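Visitor: Each chain, written out:
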Amino acid sequence: MQPWHEIVVEQLKANEIRLIPYVPDNVLKPLINAIHADPFFTAFTTAREEEAIGIVCGAVMAGMRGMALMQTSGFATLANVLASLPCAFQIPALMMISERGTLGEFNIGQAAVWRTMRPTLEALAMEHHVITRLDECGFIVDRTIRQAISTQQPAALILSPLLTGGKANPVKAGG
Amino acid sequence: MSVTTAHNAKRMYRFDLTKRLVAKLHRDEAVIGGIGHSNFDLFTAGHRPQNFYMLGSMGLAIPIALGVAIAQPQRKVFAIEGDGSLLMQLGCLSTVATQAPKNLVILVMDNGTYQITGGQATPAAGGTDYVAIARGCGIQSAAWAADEADFERLVEHCLAADGPHLIGLKLDEQGPAGQTERDPSQIRDRFMRGMGAKKSKLTT
Ligand SMILES: Cc1ncc(C[n+]2csc(CCOP(=O)(O)OP(=O)(O)O)c2C)c(N)n1
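Which chain is which? The protein sequence lines are A and B, in order. Mapping the first sequence onto full-length UniProt numbering, position 10 (from 1) lands on 10, and the numbers just tick up by one. Mapping the second sequence onto full-length UniProt numbering, position 125 (from 1) lands on 125, and the numbers just tick up by one.
No wet-lab data here; the hints were simulated from the structure. Hints are supplied without guarantee of correctness; some may be wrong.
Claimed, not checked - Derived list of chain B stretches under chain A, where covered just means 3 residues or more per stretch with a C-beta under 8 Å from a C-beta of chain A:
| id | segment |
| --- | --- |
| 1 | 49-56 |
| 2 | 111-120 |
| 3 | 183-196 |
Model, not experiment: these values are computed from the prediction. Beta carbons are placed, not taken as given, at the ideal position from N, Cα and C, and that holds for glycine.
The task is simple: from the sequences and hints, build the whole structure.
Guide: Right under this line is the structure:
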């Protein structure tokens with residue numbers, strides 16, 4: 001079976017998602033590398049995740065679809081701009097969030113900020129799906145993108161450590 | 001571009017400058033008005049379907065304009081951003097410099113204050129120079145407008161020459177000339193049509 005990042009790239013291309021601004025994360029690295037290697041995409045780093053959301057919203061309104069990539073901690077900086085830009089204006093801005101802070105997290109700050117993610121998504125009433133399995137990955141990515149575009153709503157895709165392997169503590173407990 | 005410094009730039013009236021900008025737009029240029037008074041004056045200068053009036057996402061006028069500029073490289077795109085708003089998202093100037101969209105023009109409306117929340121001084125009141133910051137970020141074509149005539153000349157230059165460009169505007173203390181109608185889904189719908197990104201028979 002294909003690795004998760006190849007499945008994601010395929011679905012992004014099938015749905016014409018060309019613009020990929022991002023703040024990097026280690027788990028996203030294979031996806032970021034694959035996107036940079038493919039001339040179909042326009043991908044670059046931004047200084048903040050808020051900026052990436054603004055760029056995607058501007059591009060979508062001008063006819064170019066986009067998705068912002070970020071880590072859980074980056075998502076936690078976004079409540080105000082999500083509420084007041086893509087939610088209020090009904091812009092199908094897409095986000096892909098690599099999930100840190102759970103299933104083996106070694107950094108208490110990441111674990112603490114992780115607990116704010118689902119309550120924030122729910123408070124914003126934003127469509128979101130967690131991808132945990134390779135065999136569901138393509139379906140969830142494709143359908144979430146299509147729904148966002150046809151209903152003119154933002155949406156978030158969360159890459160679980162169950163899918164990606166996440167980032168585990170290099171040192172064993174007590175070791 | 002001109003060699004006006006922040007110190008000797010004339011303090012001008014935002015609504016007058018906004019009207020002068022809009023009067024020079026003849027090719028359906030996009031204009032993104034930042035939070036509060038920047039977009040109030042853009043709206044009051046006369047709605048056009050190529051205008052986008054941002055609401056609460058303080059600091060995002062330039063990123064939104066960058067997204068439009070990347071999506072439509074043939075169209076000139078203006079961002080009108082307040083100084084307080086730009087301070088909140090200074091990193092976007094580096095992103096603009098690196099992506100270097102030829103069609104992007106940034107206007108910084110520098111009144112030294114957060115006018116809409118009561119005129120409190122920004123943390124940059126000590127003398128931050130936004131044009132120097134833009135140059136330091138790598139936006140070579142960045143200049144303060146000396147006065148209204150210089151502003152018009154700079155806008156013409158930005159329309160004719162490849163960017164990205166940034167124009168710094170020192171403002172007087174006058175408030176906005178009106179208020180934007182806060183109807184975001186309508187604003188987005190009109191803007192998408194203005195960008196040719198949406199066709200719909202729902203017109204009346
Ligand atoms: C993240 C965030 N913080 C604070 C505010 C409240 N706020 C709205 S407008 C504004 C000031 C904007 O200042 P500036 O961009 O300089 O424009 P001016 O009011 O001077 O025209 C502030 C602080 C907000 N909307 N969003």
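Visitor: Looking back at the numbered hints, which does the structure fail to meet, lowest number first?
Guide: 2
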